[in-house]
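So the protein lines, in turn, are chains A and B. Just so we're aligned, residue 1 is where the first sequence starts under our numbering, counting upward by one. Just so we're aligned, residue 1 is where the second sequence starts under our numbering, counting upward by one.
None of these hints come from the bench; they were simulated from the model. You may find that some hints are simply not true.
Derived contacts from chain B toward chain A, CB cut-off under 10 angstroms, selection only [claimed, not checked]:
no.	residue
1	W65
2	T67
3	S68
4	N69
5	L71
6	G368
7	K370
8	G663
9	R666
10	A669
11	H686
C-beta atoms are modelled at their ideal positions from N, C-alpha and C, and glycine is treated no differently.
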Amino acid sequence: MPTLNHFLLLSGVLFAIGTAGVFLRRNLITILLSIEIMLNAVNITFVAVGRYQGIVDGQIITFFVMTVAAAEAAVGLALVIALFRHRETLSPDAFTSLKW
Amino acid sequence: MLLLIPLLPFLGFVVNALVGKRLPKAVSGGLACAAMLGAFAASVMAVLSARAAQDHFVQQTLYRWITSNELQIPLAFRVDPLASLMILVITGIGSLIHIYSTAYMHEESDSEYARYFSYLNLFAAFMLVLVLGSTFPVMFVGWEGVGLCSYLLIGFWFKKQSAADAGKKAFIVNRIGDFGFILGMLMLFVNLGSLDFQRVAADVSTRAPETSMGVITIATLLLFLGATGKSAQIPLYTWLPDAMEGPTPVSALIHAATMVTAGVYMIGRNAVLFQHAPITLSVVAGIGVATALMAGTIGLVQNDIKRVLAYSTVSQLGYMFLAMGVGAYAAGIFHLYTHAFFKALLFLGSGAVIHALAGEQDLRNMGGLKKDLPITYWTFLIGALAIAGVFPLAGFFSKDEILWRTYSGGHTLLWAVGMVTAFLTATYMFRLVYLAFHGERRHEAPSASSAHDEHAHGSHLHDAPPAMAFALIVLAIGSIVAGFVGVPHALGGSNRIERFLEPSFEVQASAPASPEFQITEGRAVPPTLPGGEARPGSEGGHAAVAGGEGGHAAEADEGAERVLMGVSLGVAFAGIGLAAYFWLRNRPAAARVARSAAPVYTLLLNKYYVDELYNAVVVQPIKGASTLLLWRGMDAALIDGTVNGVGRLVRGSSDALRRLQTGSIRTYAAWLFLGVVVILGWYLLH
C-alpha cells in the first residue's frame, strides 16, 4: 500500500527531473516538455494530498493546471516556431539579444 | 478730502499707464498737469482747513490698515503745519515741473511721453503719501514708493547703459538706508508700542533726554541712516550725482526739490523724538556739515552742468541736516522750502540750456549763451544769487537762519565749516554761470555731434519754449519772494514761518492718549509735566531749538545776528568775486591754479575716489563672497551638487544593475529558481 510519502517522493523526483531538463537541455522544445513534467509533478502532489485529506480540491485544481498547461503549450510551441523561422535554430542561447 | 491730494496724481498715473500709449501728447501731458494742479488746489484747501483747526491739524482716517494685537495702524493722513508746507511745495513746484516737462520731453514718442508722465504722477502721489502719513508705516509706503519712482525715472532712458546703471545704483543705495529705517521703526514700536507720530512724540516727551546710547538714540540713529540714503548724505550720497542720468525735470523735482528732502522732513516730523537723543543730533549735525563741505568742494571742479547742481543739492541738504542737528528744525525746513524753489529753478534752467544745445551737458562746451537764451540766463542768475545767499533772495534768509542758529547754539566749529561751504556755494554756482553763459561760445566744437538733429549747429539757439519759460519765471519769482515768510527779528521781520511750523515740532496736547502707554516699560520718571514741558527745547539746554525761541532773543543777540549776516553776505560776494576772477576775467589763471594744485584737483575731480573706495571695500568683497560662497559654494556645489548627485547615483546603480538583464532565458530561469529556493527555504527553516 503506497503512502502519501511515496507520492510526494515521486512528485519530487519528477520535479527535479523537469528542472534539470529546463536548465541542462539546449532545445527549446525539450525545455517546454520539461516544464510540462514539472507541472505534472505538482499535479501528482495535489491529487495525492487531496486523496489523503479526503477532499476533492486537489483534483479540481489539477484540472485548472492541465488547462493552463495546454494553453501554455500551444502558445509556447507557436513562439518556438516563430523563433525557429527567425534564427534557424532552437538553442535558447541564440536568443539573447533582448538585454540591457 | 485729504485723500484727494495723493489720489489725483495717482489717478493720473493710472490713466496714463493704462491708455497713455494711445493718447496724443497734449492729452497725456495735460492730464498729468491737471492732476497735479488739482492736487495743488486740494492741498490749498487742506492747508486752509488745518490753519482754521484748533490744534493746527486735520486728520482723515481711511480705514484700519493693519490690526494685530497691539499693532494698530490706520491708513490715516494728517495735515499739520509741517505737512502743509510740504504738500504745497510738492504740488506747487511739482505742477510747475510737470508744465515744464510737457515742452522738455516733447521729442519723445507718444508712448514714451505717457510713460514719463505716468511715472511723474506716481512719484507725486507717493511723495504726498510720504508727507501726509500720520504713522511711520504709511510714511514708509511713500518712502519706498518715491524710491521706486526715482529708480524708474533715473533709468527712464534705460537703453542707455549708464542710465540703467545709475537707476540701479540709486535704488540699491537707498535700500541700505531703508533697511535702517525699518529697523528704527521696529525698535520704536517695540519700545514705545505705537507708530503714530504724535503718540511717539507724546510718549517720548515724558522721558528725560538720553545722554548715553539708549533705545531712543539707537532708534533715531537707524532712522537717520534711512535719511542719509534718501537725502544723499555721507555715507550714502553717491547715488545722487549719478541720478543726473535721468531727464532734467526729474532731477529738478525728485533729486532737488522733493524726494531728497524726505530725510529732512522725517527728522522734522520726529523733532521731539530726535530732541531726546542728543547724541544722534550731534551725529546729524556733524554728518550734515561734513557732507555740505565735501559736496561743495567736489562741485567746484565738476564739468557736467547737472553734476555741479547735484553736488550743490547734496551740499544744501547737508545744511538742512546741520540745522536739524543743532535743533533748529524750523530753520532746516525753511531752507528746504526755499531750496525747493531755487534748486528747481536752477535745474530747470540747466535743462533749458541742455535742450537748446541738443543734449550737451559739458560746461567746457558751453559759454556765451547769455545772448541767445535771455530768459534762461536771467532766471538762472536769480537762482544762482538765491543759492549763494545774496540779500534779499530766498536763500539768504534760510541759510543765515541756519548759520545763526548754529552759531548761537555754541557750535562754532560747525558754523565755521558752514561759512566755508557758503563761500564754496557762491563760487561754484557762479563758476557755472560764467562758464555756461559768459565768455565766448564753445558749443560749435565737434562735441556738439550728439545724437540729435542739426538745430544745435544753427547759429541761432532758441530760448526756452513758452511752457518752460513759464515754469522758469514763476520759480524765479518764487526764489525772490519765498524767503520773506521768514524774515528774522534782527531785520525787523517776525519770522512767521517759524511760528507757523512751531506746533509740528511740539507734542500735540490733544494727542490721543493711547492704551499702549501702560504697556511699555522702563519709562523715565517724570510724569507728564504740565504744558510747555513737552516743548522739545526746554529741557535740552540748547539755546537754539525749534519753537518760539526767536521771540525771546535778546537785543545783543540781534546785533550779533546782524553782524553774522553781514559776514555771510560778504562771504557770498567774495565767492562770487572769486568765481568772476577765475572764470570771467582770467580763465588761464584757473587752469594754472588747477595745475599747480594738481593732486587736489584730481582728487576733487574724481570725487575723493569715494565711488572707487566703495567699490573696493563693499562691492568687490560682496561680489567676491557671492561668487565664492553663494554661487560656487552654495548654488553650484551644494544645490546643483545634490540634484546632479541624485541623478548620478541613480544612473550609476542602474548601470550596475542592468547587467543582470542578460537576455538569456536560462539565466532568468536560474534566478527564478534560486528565488523560489530561497523563499521556500526561509519558510522551511522558520
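Here is what the structure says about each hint:
no. : hint : in the structure
1   : W65  : violated, 66 angstroms
2   : T67  : violated, 66 angstroms
3   : S68  : violated, 63 angstroms
4   : N69  : violated, 65 angstroms
5   : L71  : violated, 65 angstroms
6   : G368 : violated, 87 angstroms
7   : K370 : violated, 90 angstroms
8   : G663 : holds, 3 angstroms
9   : R666 : holds, 6 angstroms
10  : A669 : holds, 6 angstroms
11  : H686 : violated, 21 angstroms
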